[in-house]
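Construct all of the structure, not just a fragment, from the sequences and the given hints.
4 protein chains.
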Amino acid sequence: MNVIAEFTIIPVGVGESISPYVAECLKIVRTSGLRHELTATCTIVEGELDEVMRTILECHRKVRSMSPRVVTSIRIDDREGESDAIERKVSSVEEKAR
Amino acid sequence: MNVIAEFTIIPVGVGESISPYVAECLKIVRTSGLRHELTATCTIVEGELDEVMRTILECHRKVRSMSPRVVTSIRIDDREGESDAIERKVSSVEEKAR
Amino acid sequence: MNVIAEFTIIPVGVGESISPYVAECLKIVRTSGLRHELTATCTIVEGELDEVMRTILECHRKVRSMSPRVVTSIRIDDREGESDAIERKVSSVEEKAR
Amino acid sequence: MNVIAEFTIIPVGVGESISPYVAECLKIVRTSGLRHELTATCTIVEGELDEVMRTILECHRKVRSMSPRVVTSIRIDDREGESDAIERKVSSVEEKAR
Numbered sequence: 206m207n208v209i210a211e212f213t214i215i216p217v218g219v220g221e222s223i224s225p226y227v228a229e230c231l232k233i234v235r236t237s238g239l240r241h242e243l244t245a246t247c248t249i250v251e252g253e254l255d256e257v258m259r260t261i262l263e264c265h266r267k268v269r270s271m272s273p274r275v276v277t278s279i280r281i282d283d284r285e286g287e288s289d290a291i292e293r294k295v296s297s298v299e300e301k302a303r
Numbered sequence: 206m207n208v209i210a211e212f213t214i215i216p217v218g219v220g221e222s223i224s225p226y227v228a229e230c231l232k233i234v235r236t237s238g239l240r241h242e243l244t245a246t247c248t249i250v251e252g253e254l255d256e257v258m259r260t261i262l263e264c265h266r267k268v269r270s271m272s273p274r275v276v277t278s279i280r281i282d283d284r285e286g287e288s289d290a291i292e293r294k295v296s297s298v299e300e301k302a303r
Numbered sequence: 206m207n208v209i210a211e212f213t214i215i216p217v218g219v220g221e222s223i224s225p226y227v228a229e230c231l232k233i234v235r236t237s238g239l240r241h242e243l244t245a246t247c248t249i250v251e252g253e254l255d256e257v258m259r260t261i262l263e264c265h266r267k268v269r270s271m272s273p274r275v276v277t278s279i280r281i282d283d284r285e286g287e288s289d290a291i292e293r294k295v296s297s298v299e300e301k302a303r
Numbered sequence: 206m207n208v209i210a211e212f213t214i215i216p217v218g219v220g221e222s223i224s225p226y227v228a229e230c231l232k233i234v235r236t237s238g239l240r241h242e243l244t245a246t247c248t249i250v251e252g253e254l255d256e257v258m259r260t261i262l263e264c265h266r267k268v269r270s271m272s273p274r275v276v277t278s279i280r281i282d283d284r285e286g287e288s289d290a291i292e293r294k295v296s297s298v299e300e301k302a303r
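Keeping their order, the protein sequence lines are chains P, X, U and V.
Taking our numbering, the leading residue of the first sequence gets 206, the next gets one more, and so forth.
Taking our numbering, the leading residue of the second sequence gets 206, the next gets one more, and so forth.
Taking our numbering, the leading residue of the third sequence gets 206, the next gets one more, and so forth.
Taking our numbering, the leading residue of the fourth sequence gets 206, the next gets one more, and so forth.
Just so you know, these hints were derived from the structure itself, not from any lab.
Mixed in with the good hints, there may be bad ones.
Said to hold, decoys possible - Within a straight-line C-alpha distance of at most 20 angstroms, the following computed SDA-like cross-link-like pairs (lysine to any residue) qualify:
#  : chain 1 : residue 1 : chain 2 : residue 2
1  : P       : Lys-267   : V       : Glu-285
2  : X       : Lys-232   : P       : Glu-287
3  : U       : Lys-301   : V       : Asp-255
4  : P       : Lys-267   : U       : Glu-221
5  : P       : Lys-267   : V       : Met-206
6  : P       : Lys-301   : X       : Ser-224
7  : P       : Lys-267   : P       : Ser-237
8  : V       : Lys-267   : P       : Glu-287
9  : V       : Lys-232   : V       : Arg-259
10 : V       : Lys-267   : P       : Lys-301
11 : X       : Lys-267   : U       : Arg-266
12 : U       : Lys-232   : V       : Ser-297
13 : U       : Lys-267   : V       : Glu-300
14 : P       : Lys-301   : X       : Glu-253
15 : V       : Lys-301   : U       : Arg-266
16 : U       : Lys-301   : V       : Glu-300
17 : P       : Lys-301   : X       : His-241
18 : V       : Lys-267   : U       : Arg-303
Next up, the structure:
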């Protein structure tokens with residue numbers, strides 16, 4: 206059973222550029238093998254709940270090791286019988302919005 | 206001066222499928238003329254702060270008119286001198302994560 | 206018709222302490238006359254949707270004037286026939302959790 | 206090393222009242238022994254990161270067992286040398302906003 210989750214990690218107290226931290230997270234997500242997508246405002250991951258959360262917390266700890274304060278936002282969408290959600294969700298909306 | 210914002214609108218009390226509501230929002234966002242991107246977990250819009258918020262609230266009100274309760278999450282990223290953020294942010298991270 | 210909304214404003218690129226910025230927002234919220242509550246992770250406001258959003262955006266702009274980058278998270282809970290939600294919601298849950 | 210986190214769990218597809226689900230979560234949080242606070246928009250917990258996340262995920266799973274779809278939002282504030290944050294953060298802001 207898969208969930209789809211998005212997360213955003215903001216390092217506080219280290220300068221206004223966030224992309225170097227997001228890049229570190231992207232490396233961790235790629236290594237995890239989870240299906241994922243990087244967007245302009247968040248990283249989206251899809252997989253089994255515990256594995257998804259383990260990966261997000263690894264990203265959180267990595268950024269925290271580079272910064273004195275970190276604010277991490279996570280939103281988990283957990284739906285019965287869901288799979289391949291990253292692609293399917295977008296196309297399902299686009300069909301309806303024609 | 207542009208901001209980039211993501212939003213997610215969840216209708217509560219009307220069934221577990223959300224995509225018909227997201228489709229209504231996508232139509233509103235397209236009509237607004239704002240640069241935007243639909244993802245599996247949120248809609249991203251870019252533009253002047255007041256216009257971005259006006260568009261998101263129009264989506265909120267539309268979904269609220271279809272549902273007895275709505276929970277809308279918005280995250281605004283507002284940075285000095287930012288523009289064309291939707292594409293540039295992703296490529297900036299991908300370069301650093303090589 | 207009232208909504209209840211929580212918001213958190215994170216200044217990026219100006220040091221790890223956030224409380225001076227939250228204090229500026231609290232002054233704005235108090236001046237607005239909206240019912241509100243300050244918590245350890247967010248500020249909660251209750252009132253008519255447009256007035257709530259106007260107040261939150263005023264806080265956002267104030268913090269943005271003090272910082273080169275700001276990330277503002279907002280969650281709006283908009284329910285038919287809702288009022289006095291700040292107190293009532295908590296007591297409604299506490300009764301059920303006895 | 207403590208973090209402070211807020212979470213909100215929205216059951217989708219089961220009616221517009223959320224308080225019975227929040228009550229189940231409050232019972233889990235109380236049993237965890239973590240310092241916590243229930244607010245009108247979220248539940249705040251404070252403690253060691255892994256324990257905080259374990260407790261939030263237990264709440265998520267409980268609500269998911271009662272509902273076909275659940276959207277859970279979590280925000281973690283993780284700061285060097287932080288403790289007793291739930292009370293101290295509010296009083297620190299209130300002093301500055303006098």
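Each hint, compared with the structure:
{"no.": "1", "hint": "P:Lys-267 - V:Glu-285", "in the structure": "14 angstroms, holds"}
{"no.": "2", "hint": "X:Lys-232 - P:Glu-287", "in the structure": "25 angstroms, violated"}
{"no.": "3", "hint": "U:Lys-301 - V:Asp-255", "in the structure": "28 angstroms, violated"}
{"no.": "4", "hint": "P:Lys-267 - U:Glu-221", "in the structure": "17 angstroms, holds"}
{"no.": "5", "hint": "P:Lys-267 - V:Met-206", "in the structure": "16 angstroms, holds"}
{"no.": "6", "hint": "P:Lys-301 - X:Ser-224", "in the structure": "8 angstroms, holds"}
{"no.": "7", "hint": "P:Lys-267 - P:Ser-237", "in the structure": "14 angstroms, holds"}
{"no.": "8", "hint": "V:Lys-267 - P:Glu-287", "in the structure": "18 angstroms, holds"}
{"no.": "9", "hint": "V:Lys-232 - V:Arg-259", "in the structure": "14 angstroms, holds"}
{"no.": "10", "hint": "V:Lys-267 - P:Lys-301", "in the structure": "32 angstroms, violated"}
{"no.": "11", "hint": "X:Lys-267 - U:Arg-266", "in the structure": "26 angstroms, violated"}
{"no.": "12", "hint": "U:Lys-232 - V:Ser-297", "in the structure": "14 angstroms, holds"}
{"no.": "13", "hint": "U:Lys-267 - V:Glu-300", "in the structure": "19 angstroms, holds"}
{"no.": "14", "hint": "P:Lys-301 - X:Glu-253", "in the structure": "28 angstroms, violated"}
{"no.": "15", "hint": "V:Lys-301 - U:Arg-266", "in the structure": "19 angstroms, holds"}
{"no.": "16", "hint": "U:Lys-301 - V:Glu-300", "in the structure": "35 angstroms, violated"}
{"no.": "17", "hint": "P:Lys-301 - X:His-241", "in the structure": "17 angstroms, holds"}
{"no.": "18", "hint": "V:Lys-267 - U:Arg-303", "in the structure": "17 angstroms, holds"}
Checked against the numbered hints listed earlier, the structure breaks hints 2, 3, 10, 11, 14, 16; every other hint is satisfied.
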